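If you read the sequence shown in the numbering used here, its first letter stands for residue 1, the second for the next number, and so on.
Keep in mind that the hints were calculated from the coordinates and are not lab data.
There's no promise every hint is true.
Straight-line alpha carbon distances no greater than 16 angstroms define the calculated EDC-like cross-link-like pairs of lysine to aspartate or glutamate that follow [as the list claims (entries may be wrong)]:
#1 51 / 24
#2 509 / 547
#3 71 / 9
#4 306 / 417
In this text the structure is predicted, and so the values were computed from the model without any measurement.
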Amino acid sequence: MQTAEASSEPKFAGTKKDQAVASDALNVMRATGRFFPKSAPLRASVPSLAKYFAATHTERDEGDWATHLLKVAKANADVFQIEEIDDVTYLVTTAAGVAPTPPAVDTTHVLAERFAEPRPFPAEPPEPRKRAKTAQIVEPAAAELIGGPTPDVDVDEEIQTEVELPEHEVEAPVAARRSTAEAEIVSDVTDLSDEILAELLANQLRDDLTVANFGDEWMLEEKVSRLSRGDLRRTREYLVERNEPLTDEVLLQDVLGLRPNAENYTAMKFALNYRLSREQREFEYVGTSGQRFWTTGGLPVIGTTKRKASEIGQDYRFLLNEARAELPVGESVVEHVLSFYEYQYGVLPLDGLLTALMPEAEIPDQRAAILIFESPQTYETFHIELRFPTGNRGGYLAGFDRFFLENLVPGALFTIERNEEGRYLIEYLPVSGEDRKLLQIDEKRGRYVFRPMTFYCATQEDMVLSENRFPQLANVPLLEERARRRPELALVATFERIGEQVGASDAPKFMAIMDDLLPASNVERPMSADLIRSIINSTENPMFSTDPDMEDVFYYEPTQS
Numbered sequence: 001m002q003t004a005e006a007s008s009e010p011k012f013a014g015t016k017k018d019q020a021v022a023s024d025a026l027n028v029m030r031a032t033g034r035f036f037p038k039s040a041p042l043r044a045s046v047p048s049l050a051k052y053f054a055a056t057h058t059e060r061d062e063g064d065w066a067t068h069l070l071k072v073a074k075a076n077a078d079v080f081q082i083e084e085i086d087d088v089t090y091l092v093t094t095a096a097g098v099a100p101t102p103p104a105v106d107t108t109h110v111l112a113e114r115f116a117e118p119r120p121f122p123a124e125p126p127e128p129r130k131r132a133k134t135a136q137i138v139e140p141a142a143a144e145l146i147g148g149p150t151p152d153v154d155v156d157e158e159i160q161t162e163v164e165l166p167e168h169e170v171e172a173p174v175a176a177r178r179s180t181a182e183a184e185i186v187s188d189v190t191d192l193s194d195e196i197l198a199e200l201l202a203n204q205l206r207d208d209l210t211v212a213n214f215g216d217e218w219m220l221e222e223k224v225s226r227l228s229r230g231d232l233r234r235t236r237e238y239l240v241e242r243n244e245p246l247t248d249e250v251l252l253q254d255v256l257g258l259r260p261n262a263e264n265y266t267a268m269k270f271a272l273n274y275r276l277s278r279e280q281r282e283f284e285y286v287g288t289s290g291q292r293f294w295t296t297g298g299l300p301v302i303g304t305t306k307r308k309a310s311e312i313g314q315d316y317r318f319l320l321n322e323a324r325a326e327l328p329v330g331e332s333v334v335e336h337v338l339s340f341y342e343y344q345y346g347v348l349p350l351d352g353l354l355t356a357l358m359p360e361a362e363i364p365d366q367r368a369a370i371l372i373f374e375s376p377q378t379y380e381t382f383h384i385e386l387r388f389p390t391g392n393r394g395g396y397l398a399g400f401d402r403f404f405l406e407n408l409v410p411g412a413l414f415t416i417e418r419n420e421e422g423r424y425l426i427e428y429l430p431v432s433g434e435d436r437k438l439l440q441i442d443e444k445r446g447r448y449v450f451r452p453m454t455f456y457c458a459t460q461e462d463m464v465l466s467e468n469r470f471p472q473l474a475n476v477p478l479l480e481e482r483a484r485r486r487p488e489l490a491l492v493a494t495f496e497r498i499g500e501q502v503g504a505s506d507a508p509k510f511m512a513i514m515d516d517l518l519p520a521s522n523v524e525r526p527m528s529a530d531l532i533r534s535i536i537n538s539t540e541n542p543m544f545s546t547d548p549d550m551e552d553v554f555y556y557e558p559t560q561s
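Produce the entire structure from the sequences given, and follow the hints as far as they go.
Next up, the structure:
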């Protein structure tokens, strides 16, 4: 990982492995504060760091990493400080790689000094000081919530606090707007757009313990109502009783007994979200900006139980390299063709198109979000879990198991549309009943078989796994987990299963076209056409080759493996 401070890397104490852990932790914290001054404190919670190390280093689980990180931090006290904030342990450092020091106390204007040595009047009055543009944090008189752009306020009714931005150079984190690689330096904040100015303020305020923040809403911490332990206990019990994630408004009305027309309803909704976000051991935020859902431990898992969520995330790891697509202006519909893997596990990949249609994480370290899907054709509404991508796992949507099984088949064509209410409509094209023998899994025998199925949905024929098209897949055993985890080995198995033998008996050579490789390779694991091409064209896989004369015709030679 590159950092701006690579040339001044501190010397770490401990074993070589502990030094590597300390260096990685410092680099991660530097990355989160790359636009901060070198001496500004950088904080990262130990649970979030432990989750990162558990995902990138397999020798320990999250609990062991948390203990080990504290041990490493204590051994490197000149680099890291350990802080406790609201029962959460944080590591604190700076971009310079040294533990932050408290600011020096300025005694220039202490009364004792001023009375002892009064300052003489200047011979000439000083020139008026030029002030930079200021931003305002509005503290509502009745502790009302701040959300979105700052409204026009009456000074007689509101208390205004000015946060003066420095007149000299200001480093602007213009992530998607001006390239994160070359953040521009601006000398006058009047040149900044409202979005960039808001981002500058947000980055500063998030480190201020006197300011509470949830999503894009802010409030002075001392004005945020507190929840008692009894309130928290009743909230958790109600979630368990309802046995499903619930929105903040449902919890506010049913548990805390507050009516929507109450004068402090908006402020209490912010307080509920903010206080629950501080109770990470009991509650998890799984909402979006439009529908703020909360869940707790013990609720039913949304999605398949045939495969672990972490394993599905690993299967979709290749999506991390896929660029986000741009939908046409005014469009909010995506078409998709269902693969065998998606049908089997009730999932959809968070690829470029679906990423453009789905919401983003609203708070830091958010693992998932609950979305509401509706099917007008079957008159049903159900919850879908959107799993956000992490460092080494791709994102996906889970929870379509029953809908796919009852209405679609592998190869089915359908659309997903986001409506104005933030819900999603899933629709397919109905057709008259069609009877065909399609690929399925015999769970008892652990083999693939063809069974007659009647379906009433339109399909894309290239992705349909019928017996007439792929008879070689009958009675083929499922691939071992070790092989299915590696895309190149899964592709080898696909060539051997459905490829045409065009080589000699002592030097076998299999040929296959993309139209056959794509549906057949998605039987074992998810693979896109771009991933298949990249594997075949990679110099690390000399057993694969492309036909020089025909497009999307490929070969596999076992002797070259």
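Hints, verified against the model:
{"no.": "1", "hint": "51 / 24", "result": "13 angstroms, holds"}
{"no.": "2", "hint": "509 / 547", "result": "13 angstroms, holds"}
{"no.": "3", "hint": "71 / 9", "result": "20 angstroms, violated"}
{"no.": "4", "hint": "306 / 417", "result": "28 angstroms, violated"}
Checked against the numbered hints listed earlier, the structure breaks hints 3, 4; every other hint is satisfied.
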